[in-house]
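Protein chains: 2
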Amino acid sequence: MKTAFIGLGVMGYPMAGHLVKGGHEVTVYNRTTAKAQKWADEHGGSYAETPAEAAKGADVVCLCVGNDDDVRSVTFGDDGVLAGMSAGAVLVDHTTASAVVAREVSAKADELGIGFIDAPVSGGQAGAENGALTVMIGGEQTVYEKAVPVIDCYARMHQLLGSVGSGQLAKMVNQICIAGLVQGLSEGIAFGMRAGLDMKATIEVLSKGAAGSWQMDNRYETMIDDKFEHGFAVDWMRKDLGIALEESKSNGARLPVTALVDQFYADVQEDGGNRWDTSSLVTRIR
Amino acid sequence: MKTAFIGLGVMGYPMAGHLVKGGHEVTVYNRTTAKAQKWADEHGGSYAETPAEAAKGADVVCLCVGNDDDVRSVTFGDDGVLAGMSAGAVLVDHTTASAVVAREVSAKADELGIGFIDAPVSGGQAGAENGALTVMIGGEQTVYEKAVPVIDCYARMHQLLGSVGSGQLAKMVNQICIAGLVQGLSEGIAFGMRAGLDMKATIEVLSKGAAGSWQMDNRYETMIDDKFEHGFAVDWMRKDLGIALEESKSNGARLPVTALVDQFYADVQEDGGNRWDTSSLVTRIR
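Those protein sequence lines, which keep their order, are chains A and B. Final position of the first sequence in my numbering is 359; the numbers increase by one with none missing. Final position of the second sequence in my numbering is 359; the numbers increase by one with none missing.
Okay, chain A solo, but in the shape it has when bound (with noise of 0.2 angstroms):
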């Protein structure tokens, strides 16, 4: 298939070279030139000036920067990958953004006759470089069935969840799970550790029972350790729960601990914790 890549950033770049991998023909687009030029130079693949430019001719289009307004900056306009793309031809968004952004790029998509899905993924900077993403889908069955060949290159699980939109709702979720979960884990672990437990022994044992998560297995060690190199930065997770905080403010839905926590990562980031995982969440109780 011939496809472009725009955004080149820890996730957009590996993702692209498994395009290449995947025997598709792949243009990316990347802000900064330079490291277009750079992708290009390694995956053999192309690089354009303009998102309208790579999107020129492709049969799929995907997406991934950095928030609302990224995707609007790349998407609209005389440069955005709508004015270089045909009609029947499939964008795909992989940013974490808005459902109201991807309800907008989608109603305009239409007016083109292009298809479109909102594909926010979850794995992490380790799960781009192994294609082993896991992608949530917001669309039509039809446009998604067309991505697949695409999608398949770099993600291990991929659904579609409902219509347009409903990608990005099912990583808010995601992400409202993960504050509450991290809060919990880190409020355990700084007790036990004034507590005088032996930790390592102590979560061997809690793990297996109702209190085990995929946090507990794969952060306790980190968090005791103050490792915090591990994962999803304390700046992008503000930036996802402030997403799921302003979707909550139409839907109703009641965020009370969310809420706290995106705050709790505000103390983080005063820290100096902007880059650190999520897990750093234990250092302003520790």
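No wet-lab data here; the hints were simulated from the structure. Mixed in with the good hints, there may be bad ones.
Put simply, identical chains are the same to the list, so a pair is met inside one copy or across any two.
Unchecked claim - SDA-like cross-link-like pairs, simulated, lysine to any residue; straight-line CA separation at most 20 angstroms:
| hint | residue 1 | residue 2 |
| --- | --- | --- |
| 1 | Lys111 | Arg229 |
| 2 | Lys281 | Asn291 |
| 3 | Lys312 | Arg348 |
| 4 | Lys281 | Gln198 |
| 5 | Lys94 | Asn203 |
| 6 | Lys281 | Asp225 |
| 7 | Lys111 | Gly186 |
| 8 | Lys75 | Pro222 |
| 9 | Lys281 | Glu202 |
| 10 | Lys273 | Gly235 |
| 11 | Lys281 | Gln232 |
| 12 | Lys281 | Arg229 |
| 13 | Lys129 | Asp298 |
| 14 | Lys281 | Gly204 |
| 15 | Lys281 | Cys226 |
Since chain A is already given, all that's left is putting chain B on it; use the hints.
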């Protein structure tokens, strides 16, 4: 071995039964004698009229009662187990209680040459019935070893975690982790339902990733379907969180979300949910 089991509640009743199946000689005591009589009829063991009498001549005496004061009441005084036990015997307390009472009982036992371990369990009623409990233990290695042939009858996993009180402290860590985790999951589910997501499909995807947990795997359906008869009751959770919050006053741990969730459980009690399982936390925000 000659054993005694004090307290035939939903946990103790089947646990004492497993001792008989394991080939031990068992004498039980229960505050309501009729229940002890029923147990003895069913299992072929014997029952006694006081804890002291039940404990007489036993190598290992197990307690599984309600709270700190219940532990004191069946342990101390002329009718308490310590009055019946001989030097060299071992007292195992399976009650979830404070580390303070564990140290108190241990000190008194020590004066009499009796060994003591605190050994709260997790795994709930199902774990007790299936002999699949997890036991968190505090005390001395030699004392623990004497109790192993007894504990093995109803536990799938047991581990010595440190000096007397460590079992109780580890159980507190467990409940603290669960408090934040279940609230995060509740907020995620409440948000997803209001957002109109297919929650079954959504959780299917999320449960494999960084938001995954035992609670998500085992409780999300019952939380959506309002079925709260599947485990540990809210009244008992509040008792346990109360113990943890009290302990945090002396060890200095900060538990903001644990304290908040304890108050949220008070809302559930106010709504008549005293006997609902802990996942009923979702009801106050759905």
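Do the hints match the structure? See the list:
{"no.": "1", "hint": "Lys111 <-> Arg229", "result": "neither (27 angstroms within a copy, 55 angstroms between copies)"}
{"no.": "2", "hint": "Lys281 <-> Asn291", "result": "both (13 angstroms within a copy, 13 angstroms between copies)"}
{"no.": "3", "hint": "Lys312 <-> Arg348", "result": "within (13 angstroms within a copy, 39 angstroms between copies)"}
{"no.": "4", "hint": "Lys281 <-> Gln198", "result": "between (27 angstroms within a copy, 17 angstroms between copies)"}
{"no.": "5", "hint": "Lys94 <-> Asn203", "result": "within (12 angstroms within a copy, 50 angstroms between copies)"}
{"no.": "6", "hint": "Lys281 <-> Asp225", "result": "between (32 angstroms within a copy, 17 angstroms between copies)"}
{"no.": "7", "hint": "Lys111 <-> Gly186", "result": "neither (33 angstroms within a copy, 75 angstroms between copies)"}
{"no.": "8", "hint": "Lys75 <-> Pro222", "result": "within (11 angstroms within a copy, 67 angstroms between copies)"}
{"no.": "9", "hint": "Lys281 <-> Glu202", "result": "between (29 angstroms within a copy, 18 angstroms between copies)"}
{"no.": "10", "hint": "Lys273 <-> Gly235", "result": "between (41 angstroms within a copy, 12 angstroms between copies)"}
{"no.": "11", "hint": "Lys281 <-> Gln232", "result": "between (28 angstroms within a copy, 12 angstroms between copies)"}
{"no.": "12", "hint": "Lys281 <-> Arg229", "result": "between (25 angstroms within a copy, 11 angstroms between copies)"}
{"no.": "13", "hint": "Lys129 <-> Asp298", "result": "neither (49 angstroms within a copy, 48 angstroms between copies)"}
{"no.": "14", "hint": "Lys281 <-> Gly204", "result": "between (28 angstroms within a copy, 15 angstroms between copies)"}
{"no.": "15", "hint": "Lys281 <-> Cys226", "result": "between (33 angstroms within a copy, 19 angstroms between copies)"}
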